[in-house]
Amino acid sequence: MNSPAIPSFRYQIFFLIMLMALLNYIDRGAIAYASASILPEYGFDKADWGNVLGYFGYGYILGALVGGILADRFGAKRIWLIAGGTWSIFEIATAFAGDFGLAFLGGSAMAGFATIRVLFGFAEGPAYSVINKSVANWATPKERGFVVAVGLLSTPLGALLTAPVAVGLQTLTGSWRSMFVVLGVVSLALLVFFMTRFTNTPDENPRVSKAELDFLRKERAEAANASTPTTSVAPIWHFFKNKDLLFNAVGYFSFVYVTFLLLTWTPKYLQDEFHYNLSSLWYMGMIPWTGACFTVLLGGKISDLLLRRTGNLKVARSWLAATCLLLTTLCFIMVSQAQTVWGVIALMTLANALNALPNSVYWAVVIDTAPSNRVGAYSGMTHFIANTASFIAPMLTGYLTVRYGYSSMFVAAAVATALGMSAMLMVRPGGRQVAPSSQPAAV
103 MNSPAIPSFR YQIFFLIMLM ALLNYIDRGA IAYASASILP EYGFDKADWG
153 NVLGYFGYGY ILGALVGGIL ADRFGAKRIW LIAGGTWSIF EIATAFAGDF
203 GLAFLGGSAM AGFATIRVLF GFAEGPAYSV INKSVANWAT PKERGFVVAV
253 GLLSTPLGAL LTAPVAVGLQ TLTGSWRSMF VVLGVVSLAL LVFFMTRFTN
303 TPDENPRVSK AELDFLRKER AEAANASTPT TSVAPIWHFF KNKDLLFNAV
353 GYFSFVYVTF LLLTWTPKYL QDEFHYNLSS LWYMGMIPWT GACFTVLLGG
403 KISDLLLRRT GNLKVARSWL AATCLLLTTL CFIMVSQAQT VWGVIALMTL
453 ANALNALPNS VYWAVVIDTA PSNRVGAYSG MTHFIANTAS FIAPMLTGYL
503 TVRYGYSSMF VAAAVATALG MSAMLMVRPG GRQVAPSSQP AAV
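Numbering follows this note's numbering, with no gaps: position 67 of the sequence shown is 169.
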């Protein structure tokens, strides 16, 4: 006789988290599609544009670090509320950043963009650390790999949707400023709805049934019995004494480098090299992200499958990521030599798909390896290190393209992913091997 189905309200929470992260990505990427309007209006060149795009990253890495620490201390819900509300406000403020600088910061439009973009990045920074904290609290150990992947689907899907959303809003309103205002208001509306559903843990949520709570407690008890218990609160700075977490952060750096390179520079690259206008960018900007939308989910499933089959976290996490990064490196080397637009787009799409496949691995390694009472903080540390790429990629690209041409930005991407591959080969998640039959836990 079949046992009754267990209610799964937690999947509604996972879906809403994915939507929040999706808007987070659209909000940060929309500016890339306003370059044709912003550059001539304020007299910026390509190097200036690289700086405008890169200022976001300075605030972002600090927000990622602080967000993870605060989520451990005050709970994920409070940080979601503060971060989501603040990034929506600064998304709206981006519409007036240049004029703000001209009026109040010594007549410098660049200073205005720098100020707003740094603050906007700081507000968006906590999102993925808080996602990891939320998943650690809501998902069972056996489903974490896939659930993390669902949350991380927001990265390629958000980047893919940024093109039609950004181009569509500018076309409908006739103004790049209106685009930012509309996106900020929509983000605020979703945040209000999310706050009516989300709680820090399933135990605090009146919508979670007793049957689901019993199931979650049972799964976690089994995982706790199969793992070494945490007997004390590890100091935050112990993150830097763990080589596996440090190398994992370097691996994640390579993923972020590729993501921010393509997110920020693809529209400008297509406009300059192949003369695409705004009306064409809505679909050309989408193509490089199509494969990644599937592989980011597939990667979580493959990682979980490898773990069940082998009981070996190194195979399931580290080797999977290193293999994907090796193939990504080869793709970017070929992109740098491609001559036709469709050759470039096809190779960029394949490279991005391979780069996205192990996205969930980097976050799963933190859950596998960090003490359970430091998942949020150690996720923030990982995010902090990796997201130095969020300003290095756009700013370095601006410098390289002025000095050496656009092919150099793909060579730099290949170097970044080769570095990440080498780092992931050094990662041993959890510091132990797990018996194949034990359905291992990530704690």
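Rather than coming from a laboratory, the hints here were simulated on the basis of the structure. Any given hint could be a false lead.
The calculated SDA-like cross-link candidates involving lysine to any residue, where the alpha carbons are at most 25 angstroms apart (straight line), are [unchecked claim]: (1) K179 - S280; (2) K403 - F349; (3) K403 - K148; (4) K148 - I389; (5) K416 - F349; (6) K179 - K345; (7) K244 - R411; (8) K244 - A205; (9) K244 - W384; (10) K148 - F376; (11) K403 - Y385; (12) K343 - K179; (13) K403 - S277; (14) K148 - R411; (15) K345 - R299; (16) K244 - L263; (17) K320 - V443; (18) K148 - A205.
Simulated restraints, written as ranges between beta carbons of each label pair [unchecked claim]: (19) E306 - I184: 13 to 21 angstroms; (20) P308 - V513: 49 to 57 angstroms; (21) R175 - V517: 15 to 23 angstroms; (22) S524 - R180: 47 to 55 angstroms; (23) I338 - D201: 36 to 44 angstroms; (24) T392 - E306: 18 to 26 angstroms; (25) A440 - P142: 28 to 36 angstroms.
Built from N, CA and C at the ideal position, the CB exists for glycine as well.
A quick look at each hint next to the structure:
Proximity of K179 to S280 is assessed by CA-CA distance (about 30 angstroms); at most 25 angstroms being required, the pair is judged violated. Proposed proximity of K403 and F349 is supported: the alpha carbons are some 23 angstroms apart, at most 25 angstroms. The suggested pairing of K403 with K148 is violated, with an alpha-carbon distance near 40 angstroms, which exceeds 25 angstroms. Restraint check for K148 and I389: the C-alpha separation of about 23 angstroms stays at or below 25 angstroms, so the hint holds.
The straight-line distance between the Cα atoms of K416 and F349 is roughly 13 angstroms, inside the 25 angstroms bound, and the hint therefore holds. For the suggested pair K179 and K345, the alpha carbons sit about 31 angstroms apart, so the restraint of at most 25 angstroms is broken. With a CA separation close to 13 angstroms, the supplied pair K244 and R411 stays within the 25 angstroms bound. Between K244 and A205 the alpha-carbon distance is near 55 angstroms, which puts this suggested pair outside the 25 angstroms criterion.
Proximity of K244 to W384 is assessed by CA-CA distance (about 39 angstroms); at most 25 angstroms being required, the pair is judged violated. The straight-line distance between the Cα atoms of K148 and F376 is roughly 16 angstroms, inside the 25 angstroms bound, and the hint therefore holds. Between K403 and Y385 the CA atoms are separated by roughly 29 angstroms; this puts the pair beyond 25 angstroms, and the hint is violated. For the hint pairing K343 with K179, the CA-to-CA distance comes to about 30 angstroms; that exceeds 25 angstroms, so the pair is violated.
At roughly 42 angstroms between alpha-carbon atoms, K403 and S277 are farther apart than 25 angstroms, so this suggested pair is violated. Proximity of K148 to R411 is assessed by CA-CA distance (about 49 angstroms); at most 25 angstroms being required, the pair is judged violated. Among the hinted pairs, K345 with R299 is inconsistent with the structure: their alpha-carbon atoms are about 38 angstroms apart, more than 25 angstroms. For the hint pairing K244 with L263, the CA-to-CA distance comes to about 31 angstroms; that exceeds 25 angstroms, so the pair is violated.
Restraint check: the Cα-Cα separation between K320 and V443 comes to about 54 angstroms, which exceeds 25 angstroms; the hinted pair is violated. Annotation: proposed proximity of K148 to A205 holds, straight-line Cα distance about 24 angstroms (limit 25 angstroms). Under the hint 13 to 21 angstroms, the C-beta atoms of E306 and I184, about 18 angstroms apart, fit the expected range. Separated by about 55 angstroms at the C-beta atoms, P308 and V513 satisfy the suggested range of 49 to 57 angstroms.
Distance hint check for R175 and V517: the Cβ-Cβ separation is about 38 angstroms, which falls outside the suggested range of 15 to 23 angstroms. Evaluation of the 47 to 55 angstroms hint for S524 and R180 yields a failure: the beta carbon distance comes to about 39 angstroms. The hinted window of 36 to 44 angstroms between I338 and D201 holds, with their beta carbons roughly 40 angstroms apart. A hinted range of 18 to 26 angstroms for the beta carbons of T392 and E306 is inconsistent with their spacing of about 38 angstroms.
A C-beta distance of roughly 29 angstroms is found between A440 and P142, which places it inside the suggested range of 28 to 36 angstroms.
In terms of the numbered hints stated before, the structure departs from hints 1, 3, 6, 8, 9, 11, 12, 13, 14, 15, 16, 17, 21, 22, 24, listed from lowest to highest.
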